[in-house]
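Kindly produce the complete structure, drawing on both the sequences and the hints.
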Amino acid sequence: MFSTILEQIVNGIVTGSVYAIVAVGMTMIFGVLRAINFAHGEYYMLGTFGAWFSIDYLGLSYEASIVVGVLSTIVIAYVVGKLVMQRMVGAPAESGVLATLGIALVLQNTVILVFGGGYKFFADGYIEPVSILGFSLAQQRILILVVCLLVFVGLELMVTYSRMGKSMRAVSQNVDCCEVVGIDVPQVVLRTFILGAALAALSGVLTAPVNVSVYGGMGELITFKTLPIIIMGGLGNVRGTFFAAMILGVAESLVATYVGLQFRDTVGFATLILMLMWRPHGLFSTQARF
Amino acid sequence: MKHTSSRRAFCISTAILSLAASVPALSGLAQAADETIKLGIVAPMSGPNARYGAFSMHGAELAVKDINAAGGVDGRKIELFNADSQGTPVEGVSATRRLIDEDEVDYIIGDVSSSVTLAMQPVAEDAGVLFLNAASSNPKITYGAGVGGYKWTFRNYPTDENRAFVVAKYAAEQRGFSKFAVLSVDSDYGRSAIEFTKKYLPEFKGEILSEDYYKEGEVDFRSVLAKIRDNGAQAVIMYGLADTTPIVARQMVEIGLAGKVTLIGNGEFNTEKTIKSAPTALEGAVEAAAWLPAFDSPESKAFVEKFTSEYDEAPNNHAYVHWDTVNLLAKAIHEAGSPDREKVRDALSRIKYKSPVGEVTFDDHNQARLPMILLQIENGKPSVKGAYTADIQYPAE
Chain A
5 MFSTILEQIV
15 NGIVTGSVYA
25 IVAVGMTMIF
35 GVLRAINFAH
45 GEYYMLGTFG
55 AWFSIDYLGL
65 SYEASIVVGV
75 LSTIVIAYVV
85 GKLVMQRMVG
95 APAESGVLAT
105 LGIALVLQNT
115 VILVFGGGYK
125 FFADGYIEPV
135 SILGFSLAQQ
145 RILILVVCLL
155 VFVGLELMVT
165 YSRMGKSMRA
175 VSQNVDCCEV
185 VGIDVPQVVL
195 RTFILGAALA
205 ALSGVLTAPV
215 NVSVYGGMGE
225 LITFKTLPII
235 IMGGLGNVRG
245 TFFAAMILGV
255 AESLVATYVG
265 LQFRDTVGFA
275 TLILMLMWRP
285 HGLFSTQARF
Chain B
687 MKHTSSRRAF
697 CISTAILSLA
707 ASVPALSGLA
717 QAADETIKLG
727 IVAPMSGPNA
737 RYGAFSMHGA
747 ELAVKDINAA
757 GGVDGRKIEL
767 FNADSQGTPV
777 EGVSATRRLI
787 DEDEVDYIIG
797 DVSSSVTLAM
807 QPVAEDAGVL
817 FLNAASSNPK
827 ITYGAGVGGY
837 KWTFRNYPTD
847 ENRAFVVAKY
857 AAEQRGFSKF
867 AVLSVDSDYG
877 RSAIEFTKKY
887 LPEFKGEILS
897 EDYYKEGEVD
907 FRSVLAKIRD
917 NGAQAVIMYG
927 LADTTPIVAR
937 QMVEIGLAGK
947 VTLIGNGEFN
957 TEKTIKSAPT
967 ALEGAVEAAA
977 WLPAFDSPES
987 KAFVEKFTSE
997 YDEAPNNHAY
1007 VHWDTVNLLA
1017 KAIHEAGSPD
1027 REKVRDALSR
1037 IKYKSPVGEV
1047 TFDDHNQARL
1057 PMILLQIENG
1067 KPSVKGAYTA
1077 DIQYPAE
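As given, the protein sequences belong to chains A and B, one line each in that order. Everything in the first sequence is counted per the numbering used here, starting at 5 for the first residue and increasing by one. Everything in the second sequence is counted per the numbering used here, starting at 687 for the first residue and increasing by one.
Hints are computed from structural coordinates only; laboratory data are not their basis. A few of these clues could be false.
Said to hold, decoys possible - Coverage of chain B stretches by chain A, computed from C-beta distances (three or more under 8 Å per stretch; other residues unrestricted):
{"id": "1", "region": "844-853"}
{"id": "2", "region": "904-918"}
{"id": "3", "region": "927-934"}
{"id": "4", "region": "939-950"}
As the list claims (entries may be wrong) - Not close to chain B: a few residues of chain A, all C-beta gaps over 10 Å, as computed:
{"id": "5", "residue": "T8"}
{"id": "6", "residue": "V71"}
{"id": "7", "residue": "T114"}
{"id": "8", "residue": "Y123"}
{"id": "9", "residue": "F139"}
{"id": "10", "residue": "L153"}
{"id": "11", "residue": "L154"}
{"id": "12", "residue": "S171"}
{"id": "13", "residue": "A174"}
{"id": "14", "residue": "Q191"}
{"id": "15", "residue": "L194"}
{"id": "16", "residue": "R268"}
{"id": "17", "residue": "F288"}
{"id": "18", "residue": "S289"}
Every residue gets a Cβ at the ideal spot worked out from N, C-alpha and C, and that includes glycine.
Okay, structure coming up:
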């Protein structure tokens, strides 16, 4: 009994890691732009497609496909960032919703047009199971967990010490003051956006071997899972996002085991409603940041 | 004054508009003389079931191509229209409306998903369009057709009731399973197949230890598979989606279930690609299907060969049933002697059509009498264990 619960918690933490890497990008973009990026899941999808393409069509190894997947997403994110995201600085909130939803549709349907709407089979990765703590787990899941920890340590350091991290925090606090002291706000926005999209792509490529199927609509579900996480974590809060993602991952896993698989997606949406009702500023801050 | 002139302008423009509108209507009448047979296909062309849709369309296209190449049906060519249901009832209904209102089709074949087909039935009925289903297995579809209500719905596909019975019987009698876990898709198809499994399992002294349903697009089955590993089930009853089978099979390997627990039910366990994804997990899997490429009849083999040479991949069940249903419709139109929908409908209910899996006739619920083919994966290849037909016991009104 205890080992089952432990196993489910580990499962949940692995799922949470995937969510965390995607969500942290979304929350940082919110920080600098004050806009929810509804297209965020699409970068997760693009990364996965890039990797799948480089394995299936170019015959590259899985390691190389991670690089291709992330780099191709960075290129697309640069174009979107230049054309759309930079213009959202100072724009009303509804234009951000409209613009990012539009981008989501364009990206998703372009992929469906080019590669077809069917499921693709992601055949590579480290899927051999290894046994730890008395249950077995694919090596890939351990990799996801390790990468997630590295990403968050790296982000903490970046946000605290680097110039880019400091300017990101500055932009999220006061855009006008940034302009006064000479911080290039559009550039900070662009860089944050590209970083967030690249992280989403990385999460997609790392998850593809265990999720097996790759298809145009796969980003949508991730976007909707990410929403409750970034609200739970407190919009714009990097550390909070990490813990919120873990909480959601573990809760989903326990619900799937003890209540029923069909109720898994309910957890995220129920959390979203409860958070918006009682703690719209997140679990980890005492008052709203924005 | 201004008021009057705008009213006059309105009258004149209305007159011009209605004249203009009547012209295409007239030319439409003129066209009807050398009419083609307009056939609409509603299938999931995008979304999680897009692969089913692509196979369905290819099957239908192949049949239409062959019929038209041979001169059409009594000289009339078949014109094919396609509408995307995305596998959801809402989109399926609007796709059906589009085919009826804009493309003005007389016949519709669709959908793969039972939930969509159930939603399409009243739309086709209201329009008086002949609605053939080729790939949905929920029993309710023909419970409510023919004498059951919808006069324009026909189904050329065996039902879940038949399937659930055949699978349960084989699993218990031939494989000796008595403890089962359920992992099926959360849809009219997945749920009703389990409902009927529960109806028949007690006859074979089987019990269900756990019951889970997954949403379309679900990718993480580790929690459920761990539960199944611990509850001691011998087989997982899975009425699922083809695209999900490789994910489940892979995670069975990951969690150490491969070779210990057997998959039984339906969800394209038998395609080369699926087996390749996790050979150890699928070894011994039992599936009941309406058709499979390995089915041994000359017509069936000829179809597989033709389809493979045309599209560079082997057909699946959905390709076959759509190909077969287009041919069935062509035969019905030929026997009716005219493409008049009502005559074709009557011809269908009397038809004796020789399909590659056996002779097809329809009962008073417009349900085709068709066999279910049972297969088992042995040494990485599907092996046919027999074909079973059972008459459907309709619930008393």
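Hint check:
Closer than 8 Å: that is the beta-carbon criterion, and the region 844-853 of chain B has 0 residues meeting it against chain A, so the requirement of 3 is violated. Using a Cβ-Cβ cut-off of 8 Å, 10 residues of the region 904-918 of chain B lie near chain A, which meets the minimum of three, so the contact claim holds. Taking a C-beta to C-beta cut-off of 8 Å, the region 927-934 of chain B contributes 4 residues in contact with chain A, enough for the three needed, and the coverage statement holds. Here the region 939-950 of chain B counts 4 residues with a CB under 8 Å from a CB of chain A, which clears the bar of 3, and the coverage holds.
Here A:T8 does not stay apart from chain B, with its beta-carbon only about 6 Å from theirs, under the 10 Å limit. In this structure A:V71 is separated from chain B by more than 10 Å, as the shortest Cβ-Cβ distance comes to about 24 Å. Annotated as non-interface, A:T114 keeps its C-beta farther than 10 Å from every C-beta of chain B; the closest such distance is 13 Å. Listed as a non-interface residue, A:Y123 fails to keep its Cβ farther than 10 Å from every Cβ of chain B; the least gap is roughly 4 Å.
In this structure A:F139 is not separated from chain B by more than 10 Å, as the shortest Cβ-Cβ distance comes to only about 7 Å. The beta carbon of A:L153 is kept farther than 10 Å from every beta carbon of chain B, the shortest such distance being approximately 20 Å. Non-interface status of A:L154 relative to chain B is upheld: no Cβ of that chain comes within 10 Å, the nearest being about 23 Å off. Every beta carbon of chain B lies more than 10 Å from that of A:S171, the smallest distance being close to 37 Å; the non-interface claim holds.
Under the 10 Å C-beta cut-off, the non-interface status given to A:A174 relative to chain B holds; the minimum distance is some 39 Å. Under the 10 Å C-beta cut-off, the non-interface status given to A:Q191 relative to chain B holds; the minimum distance is some 37 Å. The claim that A:L194 lies off the interface holds: its Cβ sits roughly 32 Å from the closest Cβ of chain B, which is beyond the 10 Å cut-off. Chain B draws A:R268 into its interface by the beta-carbon criterion, the shortest separation being 7 Å against a cut-off of 10 Å.
With a cut of 10 Å on Cβ distances, A:F288 stays outside the contact zone with chain B, its closest approach being about 26 Å. Non-interface status of A:S289 relative to chain B is upheld: no Cβ of that chain comes within 10 Å, the nearest being about 30 Å off.
The structure is inconsistent with the numbered hints 1, 5, 8, 9, 16, although it conforms to all the rest.
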